[in-house]
Structures are given as C-alpha cells and as structure tokens.
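We have chain F; now place chain R onto it with these hints.
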Amino acid sequence: MRILKRYIIPRIIQFFVVVFVGITITFIVPRFTPLDPVQMTINRVASYGAQYLDAETLEHLKQTLTDLYGLKGTVFEQYVRFWDRLLHGDFGPSLAMFPTPVMEVISNSIPWTLGLLIMSVLIAWLIGNFIGGIAGYFSEKRWAKVLSVIAATIYPIPYYFMALILIIVFGYLIPVFPIIGGLSIGMQPSFSFGFIIDLIKHAFLPSLSLVIVGIGWWFLSMKALSSTTKSEDYVQYAEAAGIPQSKILFGYVMKNSLLPQVTNLALSLGGVFNGALVTEYFFAYPGIGQTLYMAVTNGDFNLMMGISVFSIFSIASAALVIDLLYPLIDPRVRYR
Amino acid sequence: MEERRTILRTKNLKAYYSFKAFGIDRNIKALDDVTFDIYEKEIFGIAGESGCGKSTLMKVLYGLIKSPLRHIGGDAIYKINGNERSIFSFDKETLRKLRWSFMSYIPQGSMNILNPTVRIKKQFLNIIKAHKDVVNVDEAEDIAVEHIKSLGLPLEVLRSYPHQLSGGMRQRVTIALATVLKPRIIFGDEPTTALDVVVQRGVIQLLKDIQKELNNTVIMVTHDMAVHAELTDRIGIMYAGKMVEIASTREIFKEPLHPYTQYLINSLPKIGDKSEKVSVPGAPPSLANPPSGCRFHPRCPYAKQICKEQEPTFEELKPGHFVACFIATKRGVENG
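From first to last, the protein sequence lines stand for chains F and R. Position 250 of the first sequence, counting from 1, maps to 250 under this note's numbering, and the rest follow consecutively. Each number in this note's numbering comes from the position in the second sequence (counting from 1) with 1000 added on.
It should be emphasised that the hints constitute simulated quantities derived from the structure, not laboratory data. Predicted model only: the values in this text are computed from it and were never measured. Each residue gets a CB set at the ideal place from its N, CA and C atoms; glycine is no exception. Treat the hints with care, as some may be off.
Listed below are the simulated DMTMM-like cross-link pairs for lysine to aspartate or glutamate, each with C-alpha atoms no more than 20 Å apart in a straight line [stated by the list, open to error]:
1) Lys1059/R to Glu232/F
2) Lys255/F to Asp323/F
3) Lys1066/R to Asp233/F
4) Lys1122/R to Glu239/F
5) Lys1121/R to Glu1139/R
6) Lys1066/R to Glu239/F
7) Lys247/F to Glu1093/R
8) Lys247/F to Asp1133/R
9) Lys1121/R to Asp233/F
10) Lys1121/R to Asp1142/R
Ranges of calculated distance between the beta carbons of each label pair, as one might list FRET restraints [to be verified]:
11) Asn1081/R to Ser246/F: 23 to 33 Å
12) Val333/F to Glu1255/R: 55 to 65 Å
13) Ile118/F to Ser1050/R: 49 to 59 Å
14) Glu1139/R to Gly89/F: 36 to 46 Å
15) Ala224/F to Lys1212/R: 46 to 56 Å
16) Ala224/F to Ala1194/R: 25 to 35 Å
17) Lys1092/R to Ala284/F: 53 to 63 Å
Extracted from the complex, chain F is given alone in its bound form:
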C-alpha cells in the first residue's frame, strides 16, 4: 500500500492538475484573438445572400450564436459553463460543418488518425530501436557506420517532404498506391479481406513517409544510448565472464538502453492525437490532422477547442500510463 500512497496517488493528482491547467489555457487563449466568431459567422451568412436581415432578426441571430459559442456573460461565467459542457462531453456544434456536434466530427476522424499514426510510430520505434541498438553495440563495424550516415541523412528530412517524394514516386511515376483518401470511394467498412487490403493500401504511403523519418530518429538516439551502455562496467564484466555475445547484446545492452526510449515512445504516442497535420493534408487522409486544418482555415473555434482538449488529455494520459508502468520496467524506480 505504500507504493499506492507514495507513487500512484501523487501521479494521478499531477495528471489532473496538468489537464486542468492545459484546458484552462485552451479556454483563455482564443479569447485574446481579435476575431469575433459571432461576427464572422454573420458575415458568412450574409455573404451567402442574406444581406437584408432586419435588425431584430440580426439581433436574435447574434444572441443565439453567442449562446451557441459559449460566449454569453462574463468571462468567468463562460468559464464555468465551459467546464460544465466539457464534463458532459459537449463542445458545441462545429461551425464549419454546422450543425454536426464537434464530438461527432472528432469521433469520426480520430479512428483514422489513431490507426495510421499509432501503427507508424510503433513500427518506426520497433525497427529503429532494434537496428539502432545492434548498431550501437557494434559501433566500430563498418556497416554500423554506413547505417548511421544513412540515418543521419534521412532524419532531418521534413516528413512532408518525404510525403511529396513518395507521392511523386509511387503515385505518379510508378502508380501502385492510391494517393488520396482513407478508402476507395464506395467502400463500406466490413471485416472482409478486400476491405482490409484497401485500408492498408491507402494507409501505406502516408505511413511510410512517417516511418522512414521516424526510423532515422529512433535509430540515431538508440545507437547513441547503446554505444554508451556498451562501455558500462557491467557490460565489460559480462564480456569478461564469458557470457555469450547475443545474451550481452539483448539482456544487458539493449535492456538498459531501452528505458529512456520507452518514455519517448509514450510521449510520441500521446502526440499522435494531434495528428500528422501535413501528412494527412497531403494524402487527403480523413484523420484528425485534416480536420484540424479545416477548422483553422474556416475559423471553427469550437472544433479547434475540441481537438486541443482531446490532445491535452491524451498526452497527459500517455505520460500517466508510462509513469505508472515504469516501475515494472525499471526496478530502480520501484522503491523511490
């Protein structure tokens, strides 16, 4: 029970504090913008041809919109109502896709992003750390040096640039992969073989652009970690003790170098909820990044708020989960 009191509870409290502060900031920041969302909507409505609204209707419309956007009353009243709605899972309607609720827009797009990004991050993490760990252990070998040069060349490439290259090569020069959308038009979600193949085909290029760049980063960081671990006393000792090389590589070098990488993985996974905005935009992938892009270009405040709250919540949750799991991975953390 001591571990519950000294380890778990403080971290859960910390989690709530982080979420609270983050969401509060999300609430405050848009209120500093010079844009008036109500006026913007009225202008847009007006531009659709309703120029000749009489003053009373206009006033009525303003009232309704102010209420809808949660802008009624003083800032404090707005803040209280904001939390009230938030706790009921209500972010109001999306303005760009009026009257669809923000929650629905987000829940429609988030599975796409989660599927694409979690897979990409995991694949990149596994491959990058595996090769990086081995290359770090054999850092004097020629092939390890060649691999580092390749990784150092790939890693600084912006992932959207990589996306463009892939689109040109596999969508245009050798058109083997579709370059638009998450599914073929008219494809209905089902557990059929054809559907899964279609899904993977559409996800392949966006995922590849993220994986290639991701591997470069994980490779370099893991290589640095494991080549440091290699010169630790306990690794030298294991070599002197005649423990087989494969055992030293996986049980000693990799095991200890992976610890910080697990933390990094959790943070990357938390960041997944932001979507890979540019990647999704380039491939017209119907994920949260694409949705956020649309929200920003249309001045859709409710949707932006919803996505921000979501990503604050998810990053904090990922950090909490990894914090709670860490003692299982690193015994030294256990009794602190």
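Only chain R this time, still in chain F's reference frame:
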C-alpha cells in the same frame, strides 16, 4: 614442504599501449619483460604504485587484450588439466569457455559490475548457463542457491536488485559470482579498494575461506600492503612495468632486498614506532620514455654508474627470493 607445481608461467612478457599521435607512434611500455611463476594453491599478491602495470598484467593474463593494448612479445603459459597452453593460442570461443570455469575475475569494489535492471539470481543463472550444460533453470538455480549458502550469504540477495544491496554486500556477491563455477585461478583486481576497513576485513576473510575451500590459486592485485600482509602467501613487487622483486610475503616484509621495496615497507606504520616516515623521492617515470638501465635509478639512493647503463637481470638471490637490482645482487655475493 610439499613440492610446488606451477599453474602459470610467464616468460619475458611484453605488452604496450600503442597510440598514434600527430603521425608519430607512441608506445607506453606498460609491461616490459616480466617473468615469473605462479604455483597451484597459493595466494599470489602483486603490489606497486598506480601506473606500474599491475592492471595491465592482469588484463594480459586474463586474455582481455583490447586495442590500444597490444601483446608485443613473450608468453604466458597455463597448465590446464595437465596440458600446457599459451593464453595467446586460444581462439575466442575457447577463451570464452575457459573464463569462469578455469579462471575468473573479481573487479574493483567501486565498479558497478552488476546489471542494474536484472535480479542477482538471473545474473547467476546467466553465468552458469553460459558455461555449464545444465538441463533446466531449476538445476542452475540449485547451483546458485547452494553456492550462496556455502558462502554464508543471506539467500535474500538472490531476489534483490543490485541497487538494494550495500557496497560491501555487492562486493561479496561479486566474489560469489566469480567463484560459482569453482575456477582453478581467481584474479582479483583491487577487490577491497573503495570499501571501508571493516567491510574490507570481511571480504578478505571470505576470499581466504573460498581459497581454502576450493584449494585453488588466487592472484591478487592491490596497492594496499596491509591487504597483502593479511592475505597473500607470496608477493611480486612491480615498478614501472617491470617485476622488481618476488618473495614470500614474510620475507618481503622482513627482509626486502630491492631499494623500492624497502621504501614501500618502511613507509608502513608500525605500532610503537614514532619515527617519521620517508617516502620514495621523486615521481614514477613516464612509461612512454622510461629511464635507461634500471628504471628505478633516478629515485634510488644507492644508484651507481652501472644502474644507469645496464638493466639488471631478475635473479634468485635466495631460494624463492628473486630480485632485479645490481646493488642487492652485489651485496648478496659479498655476504654469500
């Protein structure tokens, strides 16, 4: 006195650290022309100040030669199951198998030689499985448990992680690890350094008990003459990469022949002796460019012309008492 059988003979052993700096080769002559025998069932101590080549000698004897250290000449011959084999004749795999089963190694107490994320038990199993064809984990575990019991250590250490043990206990575990497969030779590289005297005493006693139990050879490197007095049967004194004197521990302390050994012994505090202690004048020579002739001559109060010009040979002045010094040899001849 029973007839003593050698287990290790070195002949003119030379090992240099080679560097290339600004296109010029530099050789640090860390081990130059070292010849001595080590017998079965004895505790042999190697003493000398920092940088005299003690640890290099240990590395060479243990077959841990890694660049920039290079074996230049001479030989170290082990008697393994009645066959004489040079340490330099083994391939990697043979050497790996010899380690721990024939010869094992106890590193410095201050080093963190235990894998921080693995329980002690697992570390025992790793070593046992690397060298013995045990059928299953239980069998290996029995060996570990039996061994820990026989050394009188608490069984809880097996379930612990390294960071949960005290420094003294960790060093005892290291000794237990080194002796679990009952090796014929144990190398100790300053195993008591960095421990306080009370813990030191316990560790020395443990080593003594193990040696008596296994009836094997212990080669003990330390600069601490008190530890030598307590533990060893014979001592070799090293100075600037050379062995300058070898004799039984009793004789080294009672009747040191080499001027350097005399300084070393006279600097030790004795109960009731209030006279001021004299240290060796000057500083140890650079091993990159050692003095001509006898390497001790610049600091030797008895140095004569011949000491500057010729290197003294290592001679047996009395039965079992070897010394490399013109002065001592001459005195010996006059007296004899």
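Tested hints:
The straight-line distance between the Cα atoms of lysine 1059/R and glutamate 232/F is roughly 17 Å, inside the 20 Å bound, and the hint therefore holds. Between the alpha carbons of lysine 255/F and aspartate 323/F the distance comes to roughly 18 Å, so the proposed pair stays at or under 20 Å and holds. Annotation: proposed proximity of lysine 1066/R to aspartate 233/F holds, straight-line Cα distance about 15 Å (limit 20 Å). Distance hint between lysine 1122/R and glutamate 239/F is fulfilled; the C-alpha atoms sit about 16 Å from each other, no more than 20 Å.
Under the criterion of a C-alpha separation no larger than 20 Å, the hint pairing lysine 1121/R with glutamate 1139/R is consistent with the structure, at around 13 Å. Between lysine 1066/R and glutamate 239/F the alpha-carbon distance is near 12 Å, which keeps this suggested pair within the 20 Å criterion. With a CA separation close to 15 Å, the supplied pair lysine 247/F and glutamate 1093/R stays within the 20 Å bound. A threshold of 20 Å between alpha carbons decides the hint, and for lysine 247/F with aspartate 1133/R the separation of about 16 Å falls inside it, so the pair holds.
Taking the CA atoms of lysine 1121/R and aspartate 233/F, the gap is about 19 Å. The hint holds against a cut of 20 Å. Only pairs whose Cα atoms come within 20 Å are accepted, and lysine 1121/R paired with aspartate 1142/R is accepted, the gap being roughly 11 Å. The hinted window of 23 to 33 Å between asparagine 1081/R and serine 246/F holds, with their beta carbons roughly 29 Å apart. Checking the proposed 55 to 65 Å range against valine 333/F and glutamate 1255/R shows it holds: the Cβ atoms sit about 57 Å from each other.
Taking 49 to 59 Å as the suggested C-beta distance range, the pair isoleucine 118/F and serine 1050/R conforms, at roughly 55 Å. Under the hint 36 to 46 Å, the C-beta atoms of glutamate 1139/R and glycine 89/F, about 58 Å apart, miss the expected range. Checking the proposed 46 to 56 Å range against alanine 224/F and lysine 1212/R shows it holds: the Cβ atoms sit about 48 Å from each other. Distance hint check: the CB atoms of alanine 224/F and alanine 1194/R are about 29 Å apart, consistent with the given range 25 to 35 Å.
Range check, lysine 1092/R to alanine 284/F: about 56 Å between beta-carbon atoms, so the 53 to 63 Å window is met.
Hint violations for this structure: number 14 only, all remaining hints satisfied.
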